[in-house]
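Student: Sequence:
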Amino acid sequence: MSADPALRTVKTTCAYCGVGCGVLATPDGKGGAAIAGDPDHPANFGRLCSKGSALGETLGLSNRLLYPMIRCDNGMERIAWSDALDHVAHRFKHIIARDGPGAVAFYLSGQLLTEDYYVANKLMKGFIGSANVDTNSRLCMSSSVAGHRRAFGADTVPGCYEDLEQADLLVLVGSNAAWCHPVLFQRMLANKQQRGARIVVIDPRRTDTTEDADLFLGLKPGTDTALFCGLLVHLADSGALDHTYIDHYTVGFDEALARARGMAGSVGATALATGLSEQDVATFFKMFANTPRAVTLYSQGVNQSAQGTDKVNAILNCHLATGRIGKVGASPFSLTGQPNAMGGREVGGLANQLAAHMVFTPPDIDRVRRFWKAPRIATHEGSKAVQMFEAIGRGEIKALWVMGTNPAVSLPDADAAREALKKLELFVVSENVRSNDTVDAGAHVLLPAQAWGEKSGTVTNSERRISRQRTFLESPGEAQPDWWILCEVARRLGFGAAFDFKSAADIFREHAALSAFENNGIRDFDIGALTSLSDEAFDVMAPVQWPVRQDASPQPRFFAEGGFFANDRKARFVAPEIPSLRTETTPARPLRLNTGRIRDQWHTMTRTGASPRLGQHLPEPFVEVHPDDALRYGVSDGSFARVTTDYGQCTLRVVVSERQQRGMLFAPIHWSEATATGARVGSLVAPFTDPFSGQPENKATPASIAPYEYVFRGFALSRQPLQLPVHAWVARVAVNGGHGYLFADNADLLGWQLWLRMNTEGDLAEYKDFGGGIYRGASFNNGRIETCLFLGPADDAGDWNVVKGLFAADALSDGQRRMLLSGKSADGLANAGPIVCACFGVGRATICDAIAAGASSPAEIGAKLKAGTNCGSCIPELKRLIAQTGARDSEQPPLAAAN
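Residues -5 to 893 in the working numbering are what the sequence shown lists, from first letter to last.
It is possible that some hints are incorrect.
What the hints assert, rightly or not - Dumping the calculated DSSO-like pairs for lysine-lysine here, alpha-carbon to alpha-carbon at most 27 Å:
1) Lys280 with Lys321
2) Lys818 with Lys5
3) Lys186 with Lys858
4) Lys564 with Lys321
5) Lys24 with Lys5
6) Lys762 with Lys186
7) Lys186 with Lys321
8) Lys417 with Lys87
What the hints assert, rightly or not - Pair by pair, the computed Cβ-Cβ distance ranges are:
9) Glu156 with Asp494: 24 to 30 Å
10) Asp494 with Pro550: 35 to 41 Å
11) Leu266 with Glu156: 50 to 56 Å
12) Asp763 with Ser630: 24 to 30 Å
13) Asn514 with Gly256: 38 to 44 Å
14) Asn514 with Ala184: 36 to 42 Å
15) Arg713 with Asp494: 44 to 50 Å
16) Ala184 with Gly256: 39 to 45 Å
17) Arg656 with Gly25: 47 to 53 Å
18) Pro584 with Leu748: 26 to 32 Å
19) Asn514 with His84: 40 to 46 Å
These are computed hints drawn from the structure, not numbers from a lab.
Treat the numbers as computed from the prediction; the structure is a model and nothing was measured.
Every residue, glycine too, gets a C-beta built ideally from N, C-alpha and C.
Construct the entire structure; sequences and hints are all you get.
Tutor: And the structure:
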């Protein structure tokens, strides 16, 4: 019997971060797909991280938005596409006529395809006449954009991934690449192992990336600018400058150096400003000065700051001063967070950009107007993300269309953002889920958009490489591409001729043509050679790095010999301001809250939260605190604490760790009201923004921490979703076979017993020890667990991992059923412990057993268990487990902590 040709393997691109890994997706004919890395893709050469490896677990239709819906008196009701589109267009047209184009806005996502982004930007800026179109990329990398533009005259990434393999020094600033960009980090580690490259990590947190560092600089938050100003001074004083490069290709060096001398004029002054030891500062300065092949990689720790643009420019200054830019193994490199933040930048998806890397200058405005034949093109910048939602709160923006993002969770001061959404006259959401915090904030119209695997178009990764996302699944229900939805609204607004696109290929060709229009080398972004791609050529287009100019050779790097994009073709050194956090700690808020990502989750867990594999490593929202601060403020490891800022409060599990800096807290951003109780960390973050980029300072909000006591801990598992009592703290976890819930509570056990009985039918087994504070119950159907509840004191609530394993079984043996309510392992069902390696589902207990049996290195553990052999992001944890069990440990790198 021959295979179904419709189930052939399709080359596509990962849905997650800006690395842009190639994926091989093979549909299974049942709505799912087998996922593997594409060995031919130059971004990953077949390697995938834990999230990419688990993409096949996220393709189900649970909670999927399948039809257009509109808010009526009785809630959301299904309507026809034509009615939904008519309504959206009519309301937009009415508000624009009454209040002007500035009263409407789009809020987009770095997970949209370039073609979606292009149409949205063209409609708002070229035809509605407002630049109020911004994106969640504003929260991710806009400080890098602003820094690039100030220094280079354009938002140009000068290097490429190959440089990570050819550098002799890799400096990671504000980047936990081991967790957040693990595929690229493995390329760096291969360089270290094969070529002897050294790694420096600069970060207030001792993240897993530091495990492989030759030098760790745990500087005080917000002092990156001072460190790199000190480096610039050292480069000047030690004869490490490239005067030829400075003289021929740059301006402003003397002013930047003078500012740097005033800020951090010596090793001692730099150490004082950053909280580092003089020895470690001097070691770093010497390493950088003496290593021509140096790459500085920076990410959210630099960008997410009210001084983020200055931080970026302080880094760029050092590379310009040494001519280490655009050369093999030598460049600054911004690690982009989202899969298509770069594509959004190319089409002008930010409110301060126009299109094709053009900006709001009269020549660029006129050029884009003529190309688009735009009747009312925007002539000035629009509202950036935080300012956009503040304008909504003030009633200035009255209609908002959100596409593919969850701002009620991800924005700073998220409670205020959520309240602002409720004030809108028209609130439209294009999504592929029917419920999340933003949808639940009161959307008036829901439009079902295609999801990853259904969409077709392009994305651009961190090294300027354009790759295809391809369709390999049928669209469910009535889901449509975002670009199609936008074009239909544009047609109803009277702009049909300009939006008569028939396919993503049509849009891509126009996008490419605009990039080359009146360019002639004066703009960096030019893919004019792709303008004439046929539909067939677009379908099979291989990954390609821009620029792709007509009749020009490929160009993997920029600026080795100047050629910047200011009018004089020279780069600008920027004299940064003295670094100063926008907020001060107080006796009421004595700590600073740092926020960020964890290894196996992504943004607000809309996709990753559906994967059982990805929910096992760190299943609950938590706050990390140094042992000294834990003792001072009365919190203990594994307990709960309430974290409070001037903007909100969250209740989180406590993780006490010496890897956290004193005076600092760390909490991940991923949980929302849809996935946990009181854990929307965005609600804690101050809304202060960088004056150049508009990016918020997510890393240093003054906060307090206090213990929060729960008498009982427990968990529930069910084949169907459960609504747990409102008085419980709950974290929802995807599990094999159903739904999992970890919870804590102070209510009486009898109430929980009654709750379980109300939520089960038929055969119910119970164990009760109310005097000991224990209640356990389980219902069965056809020999397998249907619903179970385990509740008790913190040290006696049952083993979540054991019971989860029994729940996943098709049927229980008699022995397993008898032992179930003990909450302990039975009948040879080993407790693998919490998952360490998400790629292969290997638990901590299994790894420790292998170590006890003689495995004394990550390589030996990998040979026995496969753990650490895919993306490698669990290798730092493997090393710690080896050390903790007394096995032979690898040599530790020198560590520098802030004083």
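Student: Does each hint fit the structure? Answer for all of them.
Tutor: Against the structure, the hints come out as follows:
Straight-line distance between C-alpha atoms of Lys280 and Lys321 comes to about 21 Å, which keeps the hinted pair within the 27 Å bound. With a C-alpha separation of about 44 Å, the suggested pairing of Lys818 with Lys5 is violated against the 27 Å cut-off. Straight-line distance between C-alpha atoms of Lys186 and Lys858 comes to about 24 Å, which keeps the hinted pair within the 27 Å bound. Of the supplied pair hints, the one linking Lys564 and Lys321 holds, its CA atoms being roughly 17 Å apart against a limit of 27 Å.
For a cut-off of 27 Å, the pair hint linking Lys24 to Lys5 stands: about 19 Å separates their Cα positions. Taking the CA atoms of Lys762 and Lys186, the gap is about 57 Å. The hint is violated against a cut of 27 Å. For the suggested pair Lys186 and Lys321, the alpha carbons sit about 19 Å apart, so the restraint of at most 27 Å is met. Of the pairs offered as hints, the one joining Lys417 and Lys87 holds, with about 19 Å between alpha carbons and a cut-off of 27 Å not exceeded.
For the pair Glu156 and Asp494, the beta carbons lie near 41 Å from each other, so the given range of 24 to 30 Å is not met. Between Asp494 and Pro550 the CB atoms are about 36 Å apart, so this pair conforms to the stated range of 35 to 41 Å. A hinted range of 50 to 56 Å for the beta carbons of Leu266 and Glu156 is inconsistent with their spacing of about 38 Å. At roughly 25 Å, the beta carbons of Asp763 and Ser630 sit within the given window of 24 to 30 Å.
The hinted range of 38 to 44 Å is satisfied by Asn514 and Gly256, whose Cβ atoms lie roughly 41 Å apart. Between Asn514 and Ala184 the Cβ separation comes to about 40 Å, which falls inside the hinted range of 36 to 42 Å. At about 48 Å, the beta-carbon gap between Arg713 and Asp494 stays in the expected band of 44 to 50 Å. Restraint check, Ala184 to Gly256: a C-beta distance of roughly 41 Å satisfies the suggested window 39 to 45 Å.
As the Cβ distance of Arg656 to Gly25 is approximately 50 Å, the hint placing it in 47 to 53 Å holds. Restraint check, Pro584 to Leu748: a C-beta distance of roughly 43 Å breaks the suggested window 26 to 32 Å. Separated by about 43 Å at the C-beta atoms, Asn514 and His84 satisfy the suggested range of 40 to 46 Å.
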